[in-house]
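Please assemble the complex out of the two chains, which come individually in their own frames, going by the hints.
The listed protein sequences correspond, in order, to chains W and E. Here the first sequence is numbered in my numbering, starting from 1 and rising by one per residue. Here the second sequence is numbered in my numbering, starting from 1001 and rising by one per residue.
Don't read these hints as lab results, they were simulated from the structure. Nothing here was measured: the structure is a model prediction, and the numbers come from that model. Honestly, I wouldn't trust all of these hints.
[What the hints assert, rightly or not] The calculated DSSO-like cross-link candidates involving lysine-lysine, where the alpha carbons are at most 27 Å apart (straight line), are: (1) E:K1463 to E:K1316; (2) E:K1463 to E:K1442; (3) E:K1089 to E:K1481; (4) W:K96 to E:K1324; (5) W:K4 to E:K1364; (6) W:K62 to E:K1481; (7) E:K1442 to E:K1481; (8) E:K1481 to E:K1363; (9) W:K97 to E:K1324; (10) W:K97 to E:K1316; (11) W:K96 to W:K25; (12) W:K25 to W:K4; (13) E:K1156 to E:K1488; (14) W:K96 to E:K1316; (15) E:K1089 to E:K1442; (16) E:K1434 to E:K1463; (17) E:K1442 to E:K1316.
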Amino acid sequence: MDLKPGSRWKSAVCDAEFVVVRPPKAPVSLECGGHQVIPHADARPGDLVLSDAHAAGSAAGKRYTDAETGLEALCSKAGAGSLSVDGRAIGAAEAKKLPSSD
Amino acid sequence: MHTALLLDMAADAAPDRLALGRRADGLTFHVARRRARAGAAWLAGQGGETVAFLGLNGPALPTALFAAGLLARPFAPLNYRLPDADLNKLLARTTPSVAIVDDDMTGRLQPHPGVTVVTRSAFEAACAAEPPDELPWAEPDIAVLLFTSGTTGEPKAAILRHSNLTSYVISTVEFLGAEEDEAALVSVPPYHVAGISAVLTGVYGGRRIVHLEAFTPEAWVEAAAAEGITHAMVVPTMLGRILDILEARGESLPSMRALSYGGGRMPLPVIERALNLLPHVDFVNAYGLTETSSTIAVLGPDDHRMALYSDDEAVKRRLGSVGKPLPALELEIRGPDGEVLGPNQSGEIYVRGEQVSGEYTSKKVIGADGWFATNDGGFMDEDGYLFVEGRLDDVIVRGGENMSPGEIEDVLREHPGVADVAVLGLPDNEWGEKVAAVVVAKDAPPAADELAAWVKARLRSSKTPEVWAFREALPYNDTGKLLRRQLKAEMSAPAAAA
Chain W
1 MDLKPGSRWK SAVCDAEFVV VRPPKAPVSL ECGGHQVIPH ADARPGDLVL
51 SDAHAAGSAA GKRYTDAETG LEALCSKAGA GSLSVDGRAI GAAEAKKLPS
101 SD
Chain E
1001 MHTALLLDMA ADAAPDRLAL GRRADGLTFH VARRRARAGA AWLAGQGGET
1051 VAFLGLNGPA LPTALFAAGL LARPFAPLNY RLPDADLNKL LARTTPSVAI
1101 VDDDMTGRLQ PHPGVTVVTR SAFEAACAAE PPDELPWAEP DIAVLLFTSG
1151 TTGEPKAAIL RHSNLTSYVI STVEFLGAEE DEAALVSVPP YHVAGISAVL
1201 TGVYGGRRIV HLEAFTPEAW VEAAAAEGIT HAMVVPTMLG RILDILEARG
1251 ESLPSMRALS YGGGRMPLPV IERALNLLPH VDFVNAYGLT ETSSTIAVLG
1301 PDDHRMALYS DDEAVKRRLG SVGKPLPALE LEIRGPDGEV LGPNQSGEIY
1351 VRGEQVSGEY TSKKVIGADG WFATNDGGFM DEDGYLFVEG RLDDVIVRGG
1401 ENMSPGEIED VLREHPGVAD VAVLGLPDNE WGEKVAAVVV AKDAPPAADE
1451 LAAWVKARLR SSKTPEVWAF REALPYNDTG KLLRRQLKAE MSAPAAAA
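The shape of chain E in the complex, shown without the other chains (with noise of 0.2 Å):
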């Protein structure tokens, strides 16, 4: 099934609701899909494979993922963030190609053999020509390219292909079940999995989209004031820095209705805060990867408001996890040997349900029969609450014990002295590794042994931090990614070690 379907589906149903943009100008769902097909006809002309897209966020992009669906030809979005050389090293990657490019973000690219550039204002003004009655059909195939944030080395391209995501859609959201006066705030970049899940979703959901072209607390809260947004999606760095500007403000986001958050282990003092300060909102954790096309488990509204407010620790450590998996979904934990474990044992997380690619354009990482193995460690409790501990990667070995770095982060960020922090392993001589924290100090920094006390008294001391630095900030990509590598590296360095 094309993804544009999605669009066609909500086109035919309700043509004259708005599917795009501000309510004074926004497009409808019938111009949206009039946009797309000429969009798409235009494309056809240019020549290449793949639609590279690099650009802010707006009605382009949708028209653009449409565009390109209707064509079935991959999408690939590119982070308009990195250095100008890492950027042309991934859109020569997308040959041959034709990349639609912000007007003001061509003069960064270099000429690549196979790859066509047009503006984004000469796509717009393609789109707004007359559609033709018929596009060429083509068999859907690869939807969307993502390429991953690559801190782990060379970005990997992640592939989505129509049937993932579409499987994705039809079985999470109901076919126009949002009410017409409902806007969905769409603040994540356009490279990530989330805006182009938001893209769909949306629009199958009949619910229109404002895009803020790149985020800042400021536009966030503005936008949502002026628009009378009522759901959004922010990974956790955003919705600290969005309550911040609430509480400076004296606002509270009246026509909210419901805010998810996801892409990242949300601190417990955040949401808590979040959940005192707006609590009309509902919230929604949402735990999923690239290569699942986005959401595989959610914690919704009820369970958030019961761990709030239970005195049942079993409950109210549910706040911490990431709720149930999606019920069209399989997931297991597993042990290093492939075992299924039982309730409350850590392992990896083991995805398997049509929505999960698994696959970048360089291998395959899906068994033969479907499972998906996360990289991501943890845990589900007795009632099937998923607990996610962080990339196997980053767990800490010391003398034979594995610790995730979250579960120390989550004790430290309780200290009323500590605003941020990142735990990681050192390399060590006794005991393979030790315990390190990074941690940035709301104002005069607490004393180390302090600090180590208080994980004492919670955790054991094996897991308290033996080496303590301190900091003015901690290094986050821009879609709130800690880059623990990096501070790994630089805490591994000789001039560190004091």
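Excised from the complex, chain W in its bound form (with noise of 0.2 Å):
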């Protein structure tokens, strides 16, 4: 899957979306809820259920990150599936909270 940025995803088994900010640096397989995102113009195949393991939710506006790629994706619709890298559940960036300037 070509996880470049801008590029748009979402979970296979939830409401989940995701934009890719920094891509891995080197090909990866990018999960929500234990399956491999889809291409966020694709439809959803009705026959995948949500893996317990990959459970933990997904919420709009954060920003995941796998230290161990680089990879970055920011969730642009909340789901029930958390991220995965080739199996591995990656976590939320901490979020630096800047005083509003604009």
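Next comes the structure, spelled out in structure tokens:
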């Protein structure tokens, strides 16, 4: 899968949607809810189920990062599944609170 | 990533929250998205590539910005304060384009081949239509074209890409981080980078945006009260005029939580007065450039308060700094040979990061390694606070010594008889340049000797102006930038030399 910056993906098993903010250094599989994410424009297959091991949820506006490969994805729509890279669960980056300046 | 996705996310997560306009009749995020999508579908049928925008602030601005973004067409807001001839020149440079123009401004435009003019009312009527389910997909590229103020010549068109703007927004703003009752008053004009970034960060943060059509201090204070405004961004000249109104009326902006300022050098007396008059307000100094998608450094509320109350000179002087660089950026001070300088050494400010475009339609001024030379001079202190000394073109070189006009201006502004001041270099046969000061007095003009002694006592004698002039007012453009070059030309004319 070509996880280029700006590309949009969605979970195959829940409502979650993602945008790639930073690509991985080497090709990887990005999964949500235990199944590889699918291109944003594609229809969800009906036969897959959310894996209990990857059901911690994804929150809109959170940025999820994989320290190992540098992959960073912004969750653009919330869902029940959580992200993993090649089967490894990845977490949300610590948000740095900045005073609003605009 | 499309800028329109920022609106999409907010509309999905908080459809019923108010996004744009007044409490009484504002638009929710759901409606704001519908209008942008309907507007995009309509614009797609108008031909052209660029979407030019000529008009006052209002809900049509975000709608048009997102509609253009949805079509991946560049959005080019134009400065309606320009003389007609200059305005028409800029409009001609947007071709092929469709231009959304305030109804009462269409008469100022000449016909240009390749430019389709539509009125703002026609655009807004189209936005009320049922939006299509699908819009054609277009790869995002240039999001916004901003014409620089052109104080140095022909305006350049700065390019801000979708990737620059969205990375700025998602790295600095917490998604829907605003409380439901928060509202931002936007009074910087649409053709200023802060007018664009205010829309994008406001939407992503979930903060209602209230536009002031055009700034007057009275209208600003009244809108702040009527709409329960909690946040606003102003340029330094605006803040000074707002404080005058508040003092005259004995008001204190009770609902305001945070005021940010930027877009020019803030005189210390003005910010000190603001901190004392509005102790409940968090002040934020934001430094940025058009070419960097707005803010690159911020001085936060705690730093402001500490600087005001501290006895430590190093902490006190931070009130004159722009704070620390944003964490998502790299920032360096470099010397004339490109070497990176240490703390308290003045050089040119360089910046690198995803929000930095450093690009114009005419040329790219960003290095292959991603570093952008800002053309601003400055230094950092031991703790990483950035001090901006002004445009490098404005630096006065007297007998081989570099002097920043801002430093001398700051000292003169502290004088009780000085209301405003500009310092600049004039040609000099002996020293190359000599220091000149143009002073706006508060009442009766102070004696030049007295002002010279004032500067000499606080700086060095080489920094003491040799030429003094007194004026009723200084020339500023409408976003508060001093027209130093114009002043310099006037002062260099033989009649002014006496």
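How the hints compare with the structure:
1. E:K1463 to E:K1316: With Cα atoms ~22 Å apart, E:K1463 and E:K1316 stay inside 27 Å; holds.
2. E:K1463 to E:K1442: Holds, because 23 Å separates the two Cα atoms, which is no more than 27 Å.
3. E:K1089 to E:K1481: Holds - the C-alpha atoms of E:K1481 and E:K1089 are around 22 Å apart, at most 27 Å.
4. W:K96 to E:K1324: 14 Å, holds
5. W:K4 to E:K1364: Since the Cα atoms of W:K4 and E:K1364 sit roughly 24 Å apart, the hinted pair holds (cutoff 27 Å).
6. W:K62 to E:K1481: 38 Å, violated
7. E:K1442 to E:K1481: Holds, at roughly 21 Å.
8. E:K1481 to E:K1363: At roughly 24 Å apart (the allowed maximum being 27 Å), E:K1363 and E:K1481 satisfy the hint.
9. W:K97 to E:K1324: Distance of about 14 Å is within 27 Å: holds.
10. W:K97 to E:K1316: 24 Å, holds
11. W:K96 to W:K25: 24 Å, holds
12. W:K25 to W:K4: Within the cut-off at roughly 11 Å; holds.
13. E:K1156 to E:K1488: 22 Å, holds
14. W:K96 to E:K1316: 26 Å, holds
15. E:K1089 to E:K1442: Distance of about 40 Å is beyond 27 Å: violated.
16. E:K1434 to E:K1463: This hinted pair holds, its Cα atoms lying about 9 Å apart.
17. E:K1442 to E:K1316: It holds: about 26 Å lies between the C-alpha atoms, which stays within 27 Å.
Checked against the numbered hints given earlier, the structure breaks hints 6 and 15 and satisfies all the rest.
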